[in-house]
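Here the protein sequences come in this chain order: A and B. Numbering-wise, the working numbering puts 352 at position 352 of the first sequence, and it's gapless, one number per residue. Count along the second sequence starting at 1, add 1000, and that's the number in the working numbering.
I should point out that these hints are in silico values taken from the structure, not numbers from a laboratory. Note that the Cβ used here is the ideal one computed from N, Cα and C, for glycine as well. Any given hint could be a false lead.
Among chain A residues calculated to face chain B with C-beta under 10 Å, some are [stated by the list, open to error]:
#	residue
1	Asn4
2	Leu8
3	Pro10
4	Glu40
5	His43
6	Val46
7	Ala48
8	Ser54
9	Gln61
10	Leu62
11	Lys63
12	Leu66
13	Ala218
14	Glu221
15	Leu224
16	Val318
With a Cα cut of at most 30 Å, we get these calculated DSS-like pairs of lysine-lysine [unchecked claim]:
#	chain 1	residue 1	chain 2	residue 2
17	A	Lys6	B	Lys1094
18	A	Lys6	B	Lys1202
19	B	Lys1186	A	Lys207
20	B	Lys1094	B	Lys1202
21	A	Lys63	B	Lys1186
22	B	Lys1186	B	Lys1202
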Amino acid sequence: MKENFKELLPFYVLGVLTEAEEAELAATIATNAPVQTELEALHYVVAALAYYPSPITPPPQLKQALFARISSEPLDRVAALSSTQPVRPAPAQRWRNFWQQLFRQPLVPVLAGLSLIIILLAGLWISFLQRQTMQLQGALVAVQDELASLRAENEALQGGLASQYEQLADQVAVQAQENERLKAELDNQSQQLAALSDELVEFPAAKQVLINLAQNQAVQENNLAALSTEIAALRNQNVVLAREILAQRTVMAHATSPDVRVMALSGTDALPEAHGQLFANPFDETAALVVYGLPPLQPGLVYKFWLVAGDQPQEAGVIQVDADGLGMLVVTSAAAIGTYNGMGVSIEPASNTNQPPENDMIMVGNFSS
Amino acid sequence: MDEEERPAQMTATSPTVTTAWATRPGDGDDVQLLGQVIAGDSAALALLYDRYAAAVMGLAFKMLGDQALAEEVTQETFWRVWRSAETFQSRQGKFSSWLFGITRNLCIDSWRRRQVRPQLVTAPAAGPEEKPLADPGLDVAESTWTAIKHEQVRAALELLPPAQRRVIELAYFWGMTRQEIADETKAPLGTVHTRARLALQKLREALEDQGFED
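Next comes chain A alone, as it looks inside the complex:
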């Protein structure tokens, strides 16, 4: 077989293969058990196809004609069965002789003919009545069978109906319970909805309160920020004041020391109104400087204090000056103050450290005096 025989199986069960194809495939199938199983499944499908057309109830006459035909043409196999029954023997020869002798008598043939006609009519009538009776009996049996069948069917239907009714009742009960539960849930939802509606009515007032609170909070936050700034400024101011107090205490300590000497500074021509005093023990390395009349400087510039040894100025600190032009400095020197022979103040860049003065002195003082 040229083609895969499995491809032909559908057409085999559909009965549309050629005789040669069918014969060849049948031989293949006969020796292939798995294919036989597959064929059974396909037969199941193909048998169902006959139900695809809409069923058409044949007219009653068709059934009657079929069974009339069956009645008029007995089956050979049934006839064969009947042939085994005994056959009635033929009439005896003496009976034929008797009838021949009788018909030779005068008037007998006429009477016999009339009698025969009467007998035939009676026989036909009896036969007709018998057929009627048989038909009625057959119909009665059929009706009884139909009645029994209908009763059985009725009982089956009633049983099924009762079962379905019970199932339905169970379902109704379950549905009723579910309905109650849903109703309770609905009530609960309704209550929650009512509460939410009430809250919704009060919502505008609550909203305004919240807005006011938010505004107040913003104001308070601004105030807090301002206070924080003020506190920070005050803290810085405190730090400055503390430093000033410390400086003043230091100055006071030097000024009130029994061994202190006071050496004066005077402003040069560049700042003639400036003046000041250095309170120092000549044997100590610390001293207190107080100056007056120093104007505020531009940013990046500071007043620096110098101690002069020989003719070499040594940086001795940066003077802090307030808005009134008062400046103070606790001086720490590398050697005893008495070893220096002079002092001065100049204006220098704040960035300069440990460097000689770039500018001229604006205040000077001489220790020898």
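Since chain A is already given, all that's left is putting chain B on it; use the hints.
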């Protein structure tokens, strides 16, 4: 009587079938009745007639497109059952398959005698399908079962792609060979093979899903 219950899920994929529980005789009962037919019991044939006549008539009308011819084939089908019941072999298939095979062969013989094949239509126009004649002698339960089976098979066939369904219709209802189907559908022979195989496979699954029992 060998009866078996029908499961409720048979209605799940067939919305037009609403009978949830019912019973009917199985194939074993058909074979039993056929045995009585072989013994000359025409009442047994009458029972088989009541069970299958509507399906046979519907199949014949589908294939012949003519009511008178369909009636002729229906009568001849059951006459052959009466005359040749002893030729049925249960190992080669079910009684219904054998019966519908007789009907199909008679229809094909009818075409050959008249040298005509009816016009290829999916569904006949106005015909007895739309005005079925009521036969009070037919069993109501059997008629209902036939209608249920028809709905199950119709629903299963409607699940098929049109090209696959057409291959099955051309083969089964019009007796076309593979080559004739290929010519009619203008498709290669291999495609016809594939469509037939897939169609029967899907039909089987759909029918099993619906609990169809022949």
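Verification of the hints:
{"no.": "1", "hint": "Asn4", "result": "holds, 9 Å"}
{"no.": "2", "hint": "Leu8", "result": "holds, 8 Å"}
{"no.": "3", "hint": "Pro10", "result": "holds, 4 Å"}
{"no.": "4", "hint": "Glu40", "result": "holds, 9 Å"}
{"no.": "5", "hint": "His43", "result": "holds, 6 Å"}
{"no.": "6", "hint": "Val46", "result": "holds, 7 Å"}
{"no.": "7", "hint": "Ala48", "result": "holds, 5 Å"}
{"no.": "8", "hint": "Ser54", "result": "holds, 4 Å"}
{"no.": "9", "hint": "Gln61", "result": "holds, 9 Å"}
{"no.": "10", "hint": "Leu62", "result": "holds, 5 Å"}
{"no.": "11", "hint": "Lys63", "result": "holds, 6 Å"}
{"no.": "12", "hint": "Leu66", "result": "holds, 5 Å"}
{"no.": "13", "hint": "Ala218", "result": "violated, 68 Å"}
{"no.": "14", "hint": "Glu221", "result": "violated, 70 Å"}
{"no.": "15", "hint": "Leu224", "result": "violated, 74 Å"}
{"no.": "16", "hint": "Val318", "result": "violated, 102 Å"}
{"no.": "17", "hint": "Lys6/A <-> Lys1094/B", "result": "holds, 22 Å"}
{"no.": "18", "hint": "Lys6/A <-> Lys1202/B", "result": "holds, 17 Å"}
{"no.": "19", "hint": "Lys1186/B <-> Lys207/A", "result": "violated, 78 Å"}
{"no.": "20", "hint": "Lys1094/B <-> Lys1202/B", "result": "holds, 21 Å"}
{"no.": "21", "hint": "Lys63/A <-> Lys1186/B", "result": "violated, 43 Å"}
{"no.": "22", "hint": "Lys1186/B <-> Lys1202/B", "result": "holds, 23 Å"}
In summary, the structure is inconsistent with hints 13, 14, 15, 16, 19 and 21 from the numbered list given earlier, while agreeing with the others.
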